[in-house]
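Here the structure of chain A is known, so what remains is to put chain B in place on it, guided by the hints.
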Amino acid sequence: MSLARKGRWITLVGLVCLAGVYVRALAFTPVERLQGPAQKIFYLHVPAALWTEAAMVLVGLAGIFYLFLRDPRLDRFAAASAEVGTVFATIVLTTGPIWGKPVWGTWWTWDARLTSTLFLFFLYVGYLLVRGAVRDPGLRARYAAVLGICGLCLVPFIHLSVFLFRTLHPQPIIVKPSAPSLPGSMLATWLFSLAAFTLLYVGFVTQRYALSLAREAQHGEHADHA
Amino acid sequence: MGSTPIMPDVPRNAAYMVAAYIVTAVILLAYALSLYRRTAKP
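Protein chains in written order, with our numbering: chain A, 1 to 226; chain B, 1 to 42.
There may be inaccurate statements among the hints.
Derived lysine to aspartate or glutamate pairs resembling EDC-like cross-links, with alpha carbons at most 20 Å apart [what the hints assert, rightly or not]:
#: 1; chain 1: A; residue 1: Lys101; chain 2: A; residue 2: Asp111
#: 2; chain 1: A; residue 1: Lys176; chain 2: B; residue 2: Asp9
#: 3; chain 1: B; residue 1: Lys41; chain 2: A; residue 2: Asp111
#: 4; chain 1: A; residue 1: Lys101; chain 2: A; residue 2: Glu32
No lab work stands behind these hints, which were simulated from the structure alone.
Pulled out of the complex, with its shape left as it was, chain A reads as follows:
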């Protein structure tokens, strides 16, 4: 089975799981009393946010290893992870304001968490623009690796921003040193959603990696990564 085909199957399983998350979240998970039904945006917003950050961490790590090893597979993986991270960041930046309006009373506020997440999105877009603008494969990979490492440095700041600054954005209720402060049924739905987003990330990255391979073969791009 080809890599693209494997990616398609994983994506399909991820989409089916996501459909299951929709059913479970909307029909079988209790409504939070203070925030109302809008709280259920949490089951999509937080897993997407975690994978937005994780994707950039992986882009940065691949960049660091690429600069030492000059292995084109690392560059291909970083490109794939960045594109998928951009998609997940778009979900975070659209579902966040939709959740914020009924709960905070505003679509957007320039607090540390929101602003740094927007900056991460721009970094992702910049990363993809750089990759599209530089034709030389070796140079493109090196520029992209440096941008990826910048993104890697930004991620801990985003995660800790709610502790370092006074923000409207709440502090983590799951990814924190102590036990999750969430009822079991809500936690189960969230974990199910995290599994679906993980499958989608793996499926998308596998397909995108296969696409890079096919393009390189098509253009006869014997990447000069030395």
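Positioned in the frame of chain A, the structure of chain B alone reads:
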């Protein structure tokens, strides 16, 4: 005389939830379709 605790009404904001779920589905399906089309090209 016993008093019953007053429970706040649950906010009626399901429209925001529906909007967020639709937006997420559209973004993910659009990207999945885009990847499918790009990888299916000979």
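Right, here's what the structure says about each hint:
no., hint, in the structure
1, A:Lys101 with A:Asp111, "15 Å, holds"
2, A:Lys176 with B:Asp9, "30 Å, violated"
3, B:Lys41 with A:Asp111, "44 Å, violated"
4, A:Lys101 with A:Glu32, "16 Å, holds"
Violation of the numbered hints given earlier is confined to hints 2, 3; the remaining hints are satisfied by the structure.
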